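Mapping to the UniProt record's numbering: the sequence shown position 269 is 269, numbers consecutive.
Just so you know, the hints here were simulated from the structure itself, not pulled from any lab data. No false leads were slipped in.
Distance condition first, Cα-Cα at most 25 angstroms in a straight line; then the derived BS3-like pairs of lysine-lysine:
#1 LYS14 with LYS145
#2 LYS145 with LYS159
#3 LYS289 with LYS197
#4 LYS93 with LYS289
#5 LYS159 with LYS197
#6 LYS303 with LYS197
#7 LYS261 with LYS209
#8 LYS223 with LYS80
#9 LYS159 with LYS223
#10 LYS159 with LYS216
#11 LYS311 with LYS244
#12 LYS209 with LYS223
#13 LYS223 with LYS261
#14 LYS206 with LYS244
#15 LYS244 with LYS209
#16 LYS223 with LYS145
#17 LYS303 with LYS244
#18 LYS80 with LYS145
#19 LYS261 with LYS206
#20 LYS140 with LYS223
#21 LYS216 with LYS206
#22 LYS159 with LYS206
#23 LYS14 with LYS140
#24 LYS289 with LYS303
#25 LYS80 with LYS140
#26 LYS244 with LYS197
#27 LYS159 with LYS140
#28 LYS97 with LYS14
Here are the in silico distance ranges between beta carbons for each label pair:
#29 THR162 with GLU129: 17 to 27 angstroms
#30 GLU306 with SER144: 42 to 52 angstroms
#31 PRO253 with PRO143: 36 to 46 angstroms
#32 GLN274 with LYS311: 17 to 27 angstroms
#33 MET132 with LEU155: 13 to 23 angstroms
#34 LYS311 with GLN224: 27 to 37 angstroms
#35 ASP12 with GLY215: 40 to 50 angstroms
#36 GLN317 with LYS261: 16 to 26 angstroms
#37 GLN114 with GLN81: 21 to 31 angstroms
#38 LEU155 with ILE265: 22 to 32 angstroms
Given the structure is predicted, the values throughout are model-derived calculations rather than measurements. All C-beta atoms, glycine included, are put in the ideal place defined by N, C-alpha and C.
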Amino acid sequence: MNNKFEFNDDDDVKPLIIYVKQSYSFSGFSIQTPCVSCESLATLVDLNNNPYNENFYNEQKKSLSACPISIEIIMFLSLKQLPFDVKLCNPQKILPKELRYGRHYHHRMITGNQLPVLVDQNNHNHLIEYHMDIIDYIQKQYPSKELDFHPDDNLDNWKLFTTIHMVSRRFYHYVQQHYHQYHQQSSQKKSTTSIPKQQLFCALNKLDKMLISFGKTYAITDKQPTMIDCHLMPRLHQIRVLLKQFDNGDDIPLIFNGIWKYLSITYEWYIFCQWCPSDQEIQIHWMMKSEYSRVKPREYRLKMIELIRSKPTYSFQDFSNVNDTKL
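Work the whole structure out from these sequences, hints included.
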């Protein structure tokens with residue numbers, strides 16, 4: 001049975017280690033720059049899990065993959081001000097030896113598909129493998145009542161949690177349908193994925209009404225974000241990015257006032273801005289997750305190379321223009 005960890009000034013607190021997917025590589029190219037930056041970060045590694053060499057890159061950028069689970073966990077660790085190391089792994093290549101051979105981690109071998117994983121050096125190198133298990137472990141082992149979120153605490157929490165998951169599922173279906181049609185009609189004019197898009201907007205409408213009914217600055221609080229904000233923020237932002245890419249510049253409908261108010265708070269939060277991946281990274285992440293990535297026709301490869309070589313852009317930086325239009 002693990003005991004809860006409490007910080008004392010005299011404690012020699014070791015950083016938690018979070019192993020996450022790096023930016024995807026393609027035909028020898030790397031997406032942006034494979035490094036991360038955080039005040040609490042102790043370790044920087046490159047594509048081959050070697051010590052980071054600043055002189056190797058022209059410009060330092062954040063380049064975790066756009067996996068929303070990884071971003072959520074790192075944002076939550078930052079929110080709690082826990083010391084942590086981020087180690088970037090290429091899931092398509094050999095993982096670090098401590099994950100391959102299970103050294104000190106109960107002899108469990110981790111594969112690239114299981115990333116992210118968390119290792120707690122303050123608890124005998126305890127390894128946690130799954131998304132919600134990692135979140136639950138952080139909340140139980142390093143509790144802070146004002147920052148944690150438990151769906152079972154009350155009915156509103158449960159409704160919000162299930163609604164966010166409904167939005168995520170319908171977004172995933174929308175992305176899969178888009179790339180399926182993109183492949184099937186690679187030599188024809190692309191059609192829109194109208195039904196999955198309508199289903200996604202129905203889910204967003206439910207989330208919008210819920211946020212309005214809560215009437216809080218953040219999802220469930222006024223003073224500061226909580227775990228559920230770390231869960232929701234990257235997912236809403238990625239929906240925005242892909243809507244704009246898939247449907248000729250479309251965005252989340254402006255009638256969703258609750259969502260847009262929430263996004264305005266999101267884009268002002270320094271922790272979100274610090275860890276938000278580029279629009280190109282988000283597109284690549286979802287292209288790689290789609291069935292379309294297994295086919296890899298010529299058009300797909302050219303799009304990948306275009307994204308890899310393009311200058312990174314961040315949609316949250318154009319939010320003022322959206323606000324002007326809305327007003």
